[in-house]
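Enquirer: One letter stands for each residue in the lines below.
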Amino acid sequence: MDFLADVLAWFTDSANWQGSTGIPSRTLEHVRLSAFATMVAAGLAVPSGVLLGHSGRGGLIAVSVVNIGRAIPSFAVIALALPFSIRAGLGIGFWPTFLALVLLALPPIFTNSFTAVRSVGIDVVEAARGMGMRERQVLLEIELPLAAPLILTGIRVAAVQVVATATLGALVGWGGLGRYIIDGFSVQDNVRVFAGALLVAVLAILTDVLFSVTERILGARGGLRGRRSPARMERPA
Amino acid sequence: MPQRAFLATEPLIRWGWIWDHLEEIRTQTVEHFILTGIAVGIGFAIAMGLSIVALRFRRTYGPVTWVTGVLYTIPSLALFAFLVPYTGLSRLTAEIGLVSYTLLILVRNIVAGIDSVSPAVREAAVGMGYSRARLFLEIELPLALPVIAAGLRIATVTVIGLVTVTSIIGQGGLGLFILDGLRRDFYTPLIVGSVLSVALAVVIDVALAGLERLLSPWSRAGVAR
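Just so you know, the protein sequences line up as chains A and B, in that order.
Counting from 1, one number per residue, gives the positions in the first sequence under my numbering.
Counting from 1, one number per residue, gives the positions in the second sequence under my numbering.
Note that these hints are calculated values from the structure, not bench results.
Among the hints, a few may not be true.
Which chain A residues face chain B? A few, computed with CB under 8 Å, are given here [stated by the list, open to error]:
#1 Phe75
#2 Val125
#3 Ala128
#4 Met131
#5 Gly132
#6 Leu168
#7 Leu171
#8 Asp208
#9 Leu210
Label pairs and their calculated CB-CB ranges [claimed, not checked]:
#10 A:Ala127 - B:Arg56: 44 to 52 Å
#11 B:Val30 - A:Ser186: 22 to 30 Å
#12 B:Gly62 - A:Leu206: 39 to 47 Å
#13 B:Tyr86 - A:Gly56: 34 to 42 Å
#14 A:Val209 - B:Gly37: 29 to 37 Å
#15 B:Leu215 - A:Pro145: 54 to 62 Å
#16 B:Leu22 - A:Leu8: 33 to 41 Å
Note that CB positions come from ideal geometry on N, CA and C, so glycine has one too.
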């Protein structure tokens with residue numbers, strides 16, 4: 001119990017709430033990079049997944065992407081990004097972390113977008129065509145709205161994974177909440193380690209909850225209700 | 001963690017280093033397997049227990065998947081960090097964390113596997129006088145095997161990836177080389193560790209997928225791929 005009292009004391013210490021290493025700025029750093037990486041990944045993976053799903057080609061690619069995405073250890077990706085980032089003159093810290101996070105976020109978003117569009121009923125698509133809709137309209141006005149909830153599921157899985165993996169960014173010289181854990185380990189300050197873990201865990205769970213609520217709202221508006229995402233089984237970081 | 005800047009002139013791979021450290025690479029690869037094996041083994045035993053409870057008392061399935069789901073969502077480094085104050089920088093800490101991550105995947109697949117057994121088959125067995133335990137062991141489990149095997153594969157590959165992180169809490173495995181490379185600003189071990197852990201995960205994934213197919217010549221596992 002003494003230990004938990006120390007953790008509580010750490011959280012109530014005003015020194016931990018100020019400056020560039022304080023909880024607010026570390027959290028903001030963490031959230032900002034995670035959001036940025038997830039958005040860039042979504043910008044790349046949603047259009048490609050949706051277009052491939054619409055054309056009906058690339059099923060094999062989609063399956064391989066899930067398998068590869070699941071198998072690759074995120075710590076290895078973030079470490080591998082480092083030498084290449086330095087070689088490219090981008091240095092340590094932000095860029096290797098960002099690159100690794102985008103790479104890790106691509107597979108779940110791509111696969112879910114692909115599957116989402118593929119699982120829109122053929123009869124619905126045929127009906128839309130029969131009503132004289134152009135392919136573009138079918139895609140944008142029929143398939144995309146119906147696929148939206150499942151696409152969002154993919155983005156959720158990716159976002160949770162990104163928030164988790166961003167913690168490891170502290171190992172390649174980046175900031176974020178992982179700093180408390182990594183720095184705490186190196187000076188054997190278990191209180192800081194535990195406090196950092198608590199912050200990271202809460203942030204990851206909050207991300208998951210926030211997306212689930214959004215999904216439910218979207219789903220209630222007539223999307224693909226009750227569908228299980230194939231990417232729900234993505235590995236955490 | 002790099003305090004100094006990495007040298008842009010440092011070659012990505014120094015083959016001489018690899019040649020000199022072959023023995024250590026072998027040892028840590030074996031260690032990686034051991035850490036993975038223990039976690040999947042214990043995780044499977046616990047998941048089987050939880051699944052039996054969830055199958056027997058349906059109401060517990062929701063809470064069981066909720067709790068294991070929360071564990072699954074907690075970032076691995078954070079989960080290890082939670083345990084360090086209590087269990088130290090030990091193998092126990094690593095294994096508790098790793099086992100936690102296998103539970104959701106395994107429970108889901110075991111329950112889905114048993115659920116996929118046709119009621120007609122179950123009734124036939126009961127009609128033949130099978131007891132509940134024999135029904136479970138001799139009918140339901142074998143029929144659920146492909147789905148359970150799929151879960152084991154996903155859990156194993158997941159754990160292989162997560163074992164790399166346990167180097168941060170002082171354990172062995174291929175992550176040790178990655179961490180060593182990061183600490184010494186030395187690309188070669190970093191690349192050796194990363195590339196080997198990726199390769200290991202992919203090879204094991206493919207191998208277990210093959211094994212799965214062998215286990216179920218009559219059907220291909222449909223759930224949770």
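Enquirer: Hint by hint, note whether the structure agrees.
Expert: A quick look at each hint next to the structure:
1. Phe75: Because about 4 Å separates phenylalanine 75 (chain A) from the closest Cβ in chain B, which is inside the 8 Å limit, the hint holds.
2. Val125: 25 Å, violated
3. Ala128: Violated - the Cβ of alanine 128 (chain A) stays beyond 8 Å from chain B, reaching only about 30 Å at its closest.
4. Met131: Interface hint status for methionine 131 (chain A): violated (35 Å vs cutoff 8 Å).
5. Gly132: At 38 Å from the nearest chain B Cβ, glycine 132 (chain A) fails the 8 Å test, so the hint is violated.
6. Leu168: It holds, given that the least Cβ distance between leucine 168 (chain A) and chain B is near 6 Å, below 8 Å.
7. Leu171: Holds - the Cβ of leucine 171 (chain A) comes within 8 Å of chain B, reaching about 5 Å at its closest.
8. Asp208: 5 Å, holds
9. Leu210: Cβ of leucine 210 (chain A) sits 12 Å from chain B, so the hint is violated.
10. A:Ala127 - B:Arg56: 44 to 52 Å: 46 Å, holds
11. B:Val30 - A:Ser186: 22 to 30 Å: With Cβ atoms ~28 Å apart, the hint holds.
12. B:Gly62 - A:Leu206: 39 to 47 Å: 21 Å, violated
13. B:Tyr86 - A:Gly56: 34 to 42 Å: Given about 53 Å between the Cβ atoms, the range is violated.
14. A:Val209 - B:Gly37: 29 to 37 Å: Distance hint for valine 209 (chain A), glycine 37 (chain B) holds at roughly 34 Å.
15. B:Leu215 - A:Pro145: 54 to 62 Å: Distance hint for leucine 215 (chain B), proline 145 (chain A) is violated at roughly 41 Å.
16. B:Leu22 - A:Leu8: 33 to 41 Å: Violated, since leucine 22 (chain B) and leucine 8 (chain A) (Cβ atoms, about 49 Å apart) do not stay within the stated range.
Hint compliance for this structure: hints 2, 3, 4, 5, 9, 12, 13, 15 and 16 are not met, and every other hint is.
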